[in-house]
Amino acid sequence: MTLLPQVRRNWARTIHAVTIGATPEDGGTRSCTVTIGGTSAMPFHHFEGTMPHRPAVAMEITDIPPTDWPEALRAPIADVMSDPAAWAARVENDFQPDLLCVRLAGCDPNGANRTPEEAAAVAVAVRDAVGLPLVIWGCGDLDKDAEVFPAVAEALAGERCLLGTISEKNYRTLTALGTAYGHRVIAESPVDINMAKQVNILAIDAGFPEDRLVIYPTTGALGYGIEYVVSIMERLRIGGLKGDRLVSMPIVGDIGREAWGVKEARATLEEAPGWGDPAMRGPAWEAATALIYIHAGADLVILRHPDAVCDAKAAINQLMAGATDGS
Amino acid sequence: MAKLSGIEVYKNLPRTNCGDCGLPTCMAFAMQVASKKRALDGCPHVSDEARAALGDAQVPPMATLSLGSGDRVLTIGGETVMHRHEERFQHPPILAVGLSAALGDAEFAERLDAIEALTFERVGRTIGVDAIAIRHDGVDVDRYGAVVTRIAAATDRVLLLLCDDPHVLAPAVAAVADRKPLLVAATEANADAMASVACQYGLPLVLKASGIDRTAALSERIAAAGVRGLLLDPSPSHVADAVGVMIQLRRLALEQRVRSLGFPTYVDVGGLVDATLDLDLDADARATAEMMAGLSFVMRYAGVMVLDTIEPWAVHPIVTARQDVYTDPQVPNEVEAKLYEIGHPGPEAPVLVTTNFALTYFTVAGEVANSKVPCFICVVDTEGMGVLNAYADDRLTVDRVVAVVREQGAMDRVNHSRLIIPGLVARMRMGIEEVSGWQVIVGPDSAAGIPHFLHTVQSQYQAEADTEAAG
Numbered sequence: 001m002t003l004l005p006q007v008r009r010n011w012a013r014t015i016h017a018v019t020i021g022a023t024p025e026d027g028g029t030r031s032c033t034v035t036i037g038g039t040s041a042m043p044f045h046h047f048e049g050t051m052p053h054r055p056a057v058a059m060e061i062t063d064i065p066p067t068d069w070p071e072a073l074r075a076p077i078a079d080v081m082s083d084p085a086a087w088a089a090r091v092e093n094d095f096q097p098d099l100l101c102v103r104l105a106g107c108d109p110n111g112a113n114r115t116p117e118e119a120a121a122v123a124v125a126v127r128d129a130v131g132l133p134l135v136i137w138g139c140g141d142l143d144k145d146a147e148v149f150p151a152v153a154e155a156l157a158g159e160r161c162l163l164g165t166i167s168e169k170n171y172r173t174l175t176a177l178g179t180a181y182g183h184r185v186i187a188e189s190p191v192d193i194n195m196a197k198q199v200n201i202l203a204i205d206a207g208f209p210e211d212r213l214v215i216y217p218t219t220g221a222l223g224y225g226i227e228y229v230v231s232i233m234e235r236l237r238i239g240g241l242k243g244d245r246l247v248s249m250p251i252v253g254d255i256g257r258e259a260w261g262v263k264e265a266r267a268t269l270e271e272a273p274g275w276g277d278p279a280m281r282g283p284a285w286e287a288a289t290a291l292i293y294i295h296a297g298a299d300l301v302i303l304r305h306p307d308a309v310c311d312a313k314a315a316i317n318q319l320m321a322g323a324t325d326g327s
Numbered sequence: 001m002a003k004l005s006g007i008e009v010y011k012n013l014p015r016t017n018c019g020d021c022g023l024p025t026c027m028a029f030a031m032q033v034a035s036k037k038r039a040l041d042g043c044p045h046v047s048d049e050a051r052a053a054l055g056d057a058q059v060p061p062m063a064t065l066s067l068g069s070g071d072r073v074l075t076i077g078g079e080t081v082m083h084r085h086e087e088r089f090q091h092p093p094i095l096a097v098g099l100s101a102a103l104g105d106a107e108f109a110e111r112l113d114a115i116e117a118l119t120f121e122r123v124g125r126t127i128g129v130d131a132i133a134i135r136h137d138g139v140d141v142d143r144y145g146a147v148v149t150r151i152a153a154a155t156d157r158v159l160l161l162l163c164d165d166p167h168v169l170a171p172a173v174a175a176v177a178d179r180k181p182l183l184v185a186a187t188e189a190n191a192d193a194m195a196s197v198a199c200q201y202g203l204p205l206v207l208k209a210s211g212i213d214r215t216a217a218l219s220e221r222i223a224a225a226g227v228r229g230l231l232l233d234p235s236p237s238h239v240a241d242a243v244g245v246m247i248q249l250r251r252l253a254l255e256q257r258v259r260s261l262g263f264p265t266y267v268d269v270g271g272l273v274d275a276t277l278d279l280d281l282d283a284d285a286r287a288t289a290e291m292m293a294g295l296s297f298v299m300r301y302a303g304v305m306v307l308d309t310i311e312p313w314a315v316h317p318i319v320t321a322r323q324d325v326y327t328d329p330q331v332p333n334e335v336e337a338k339l340y341e342i343g344h345p346g347p348e349a350p351v352l353v354t355t356n357f358a359l360t361y362f363t364v365a366g367e368v369a370n371s372k373v374p375c376f377i378c379v380v381d382t383e384g385m386g387v388l389n390a391y392a393d394d395r396l397t398v399d400r401v402v403a404v405v406r407e408q409g410a411m412d413r414v415n416h417s418r419l420i421i422p423g424l425v426a427r428m429r430m431g432i433e434e435v436s437g438w439q440v441i442v443g444p445d446s447a448a449g450i451p452h453f454l455h456t457v458q459s460q461y462q463a464e465a466d467t468e469a470a471g
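Protein sequences, first through last, are from chains A and B. Read in order, the letters of the first sequence are residues 1 to 327 in the numbering used here. Read in order, the letters of the second sequence are residues 1 to 471 in the numbering used here.
Derived by calculation from the structure, the hints in this document are not laboratory data. Every residue gets a Cβ at the ideal spot worked out from N, C-alpha and C, and that includes glycine. Possibly wrong hints are sitting among the right ones.
What the hints assert, rightly or not - Below, in silico cross-link-like pairs of lysine to aspartate or glutamate (EDC-like), each with a Cα-Cα straight-line distance of 16 Å or less:
1) A:263 with B:87
2) B:372 with A:108
3) A:263 with B:121
4) A:197 with A:147
Claimed, not checked - Negatives, chain A to chain B, calculated, CB over 12 Å:
5) 12
6) 65
7) 71
8) 92
9) 93
10) 176
11) 197
12) 202
Claimed, not checked - Stretches of chain A that chain B covers, calculated by requiring three or more beta carbons in the stretch to come under 8 Å of a beta carbon on chain B:
13) 95-105
14) 147-157
15) 211-225
16) 270-277
17) 281-287
18) 309-321
Extracted from the complex, chain A is given alone in its bound form:
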């Protein structure tokens, strides 16, 4: 029999491992921590490298009852969605993701325009209701996020939350808060390698530790430009493994928001009779979008539907079989 050549690659560096959440031992109140990243090869290339921390799944709640979520998303939480603490407890007890993501949608100046104090009160209530590590995602309005995050970051001091997002235009406030209160930060860029790098450089130059940054290269839903983001993620990850320390951070995908915005997930049976049972279709579209990004390099995915959380975790478990898995 012919002896086959070796195809294992020796990559130059590993991706930073970023730990989210602090237990009482670490000075926080979380019941566990979750570490993402730390990989020494491309995802699921178990024959050539280690994935010490499996890709993590966060589930999203919002500070005010969501108005644009379709019925499929509202049904499992309809009785608790006006109470973020109860909603968070439902997520932790019944749906069991690895992390909880609180989106401060209510702070949007074009929406409910809630105050920083109100946002901080929600953050504290959620913290007290659950033991999961927390991701806090701003409303996306740069000025308002800069007003809201000081109160929120301080209220959650020492909890090692993952806060986001920073961009080229508003990195100073959030990186300073992250440093002061011991949080991790998500750096956002619009489907562009160089801009992803640029935000990281700005954050690092501002004194933020590079091993507490997570890259958010924007997300597109399956069928709506996902291939652009897939290629950006793969290039970021290859760049990081090849030794470019400015892109050797874990990557996050904001999946639920995108996947549930498209008709393939939302359409009713009457609107799309050939697409199958809508109760299965929406979560499937979300889980499918998540899995594609995980193959491309996403280390953390943020999801909305309980079934998608369950399906994504099951698929990750199957793909981790035979891996060196320290988590």
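Given the coordinates of chain A, assemble chain B onto it according to the supplied hints.
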């Protein structure tokens, strides 16, 4: 080793710049050979030594092969890269759904109809299941032949004959050979008989062995028997194993140029899921697992994959992902240039203009949807360029914007004459106003600002309208 450089080719040419190849210099010819635009034979003076030296590198690292007949000829293989950003993925994997020859008549007919219905419309193209995998499942030779003939008559989809008993397979193949089916599979135990069936009809053959080493060995053996088109199934033991094996096979073929592994791959997704999961799973959980595994092999290098689920919600994401991942990253993805309606825009609805670069359009349309302000979006054909590139390249000009907006009739649908243009081309504002007489409003630089912008604009005009009404 993987790719031949122009210099390497040049060294092996006569270097006389005779021009007999049609190019002015040997170097120019060498560059064309290196980029696979010309064959080495284009040089009438190339020596046998050069041919020998370059011959191996001239052969593509992965074979290309076709299945099916008539309007349903599908090509797979011929891949050249590990990641799509490096060049492009060439041929999307063929998606087959299994149909057991052991099914009772009613169930069989029902399932066949369900498979036929698994098609979806996406960006103007029909995508769906390409092939039917007819599983032997122990039926006798007459029954298998009858089932294969019946399916061949009922569908024009590509046929996969999944039967490793050559005595059962041979008569069925004889009946449908003109459909160019795929034979699945040759194993170490039946290789000679399967190879002779494949050779007799000139059909492609899947070979199944345990692990990469034995797959390579069996491949050499079957190639020696004269079979031309091969697919590889190294029979991975579970989904994670399969992903790792697919990646290694691809590297061995493309980077190490192992000839015996230079073929597309075959993945029995249904079988893998059964091997990976608890068999007590309910049908929905099993279909979900197949969907997730199928997506893994869209990402990781399947040539042909066989599913068992017929749930549209499980198949739709796979065929969509396949279409997305196999688009050419060098060619910008375009959407149709027409008037789009987001929400149910009425006469007060804002009118926006943007380009037909898919990513631009999807981002703009997504943010408009997020804003919950119903809008019209006029999409200008910029040949897939984004706003700034199109502007710089004269594909997004004042005259063109005005002509397209008029052509698409957006202004006839509304009771105002306000047009919102991308912030990146703010300088077009005056021009458009002069040519068209419309009021031009400059939108945000980035799509992320659209919801805020639309709310501001809408409330502003609402207030003006109210004042007017009151006055």
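Okay, the hints, checked on the actual structure:
A threshold of 16 Å between alpha carbons decides the hint, and for residue 263 (chain A) with residue 87 (chain B) the separation of about 31 Å lies outside it, so the pair is violated. For the proposed pair residue 372 (chain B) and residue 108 (chain A), the alpha carbon gap of about 14 Å is at most 16 Å, so the pair holds. Our distance criterion of 16 Å between C-alpha atoms is met by residue 263 (chain A) and residue 121 (chain B), whose separation comes to about 13 Å. Between residue 197 (chain A) and residue 147 (chain A) the CA atoms are separated by roughly 25 Å; this puts the pair beyond 16 Å, and the hint is violated.
Every Cβ of chain B is farther than 12 Å from the Cβ of residue 12 (chain A); the closest lies at roughly 17 Å, confirming the non-interface assignment. For residue 65 (chain A), the requirement that its beta carbon stay farther than 12 Å from each beta carbon of chain B is met, with the minimum near 15 Å. Every C-beta of chain B lies more than 12 Å from that of residue 71 (chain A), the closest at about 16 Å, which supports listing it as non-interface. Consistency note on residue 92 (chain A): stated as away from chain B, and its beta-carbon is indeed over 12 Å from all of that chain's, at 23 Å minimum.
With a minimum CB-CB distance of about 21 Å to chain B, residue 93 (chain A) clears the 12 Å threshold, and the non-interface call stands. With a minimum CB-CB distance of about 23 Å to chain B, residue 176 (chain A) clears the 12 Å threshold, and the non-interface call stands. The claim that residue 197 (chain A) lies off the interface holds: its Cβ sits roughly 16 Å from the closest Cβ of chain B, which is beyond the 12 Å cut-off. Non-interface call for residue 202 (chain A) relative to chain B: holds, since the shortest CB-CB distance, roughly 17 Å, exceeds 12 Å.
With a cut-off of 8 Å between beta carbons, the stretch 95-105 of chain A has 0 residues touching chain B; three or more are needed, and the interface restraint is violated. Here the stretch 147-157 of chain A counts 0 residues with a CB under 8 Å from a CB of chain B, which misses the bar of 3, and the coverage is violated. For the stretch 211-225 of chain A, the assignment as covered by chain B holds, since 5 residues bring a beta-carbon within under 8 Å of that chain's beta-carbons and 3 suffice. Look at the stretch 270-277 of chain A against chain B: 4 of its residues bring a Cβ nearer than 8 Å to a Cβ of that chain, three or more, so the hint holds.
Check result for the stretch 281-287 of chain A against chain B: holds, 4 residues qualifying (beta carbon to beta carbon below 8 Å, three or more required). Only residues whose beta carbon comes within less than 8 Å of a beta carbon in chain B count, and the stretch 309-321 of chain A has 7; three or more means the coverage holds.
Of the hints listed earlier, those the structure fails to meet are numbers 1, 4, 13, 14, in rising order.
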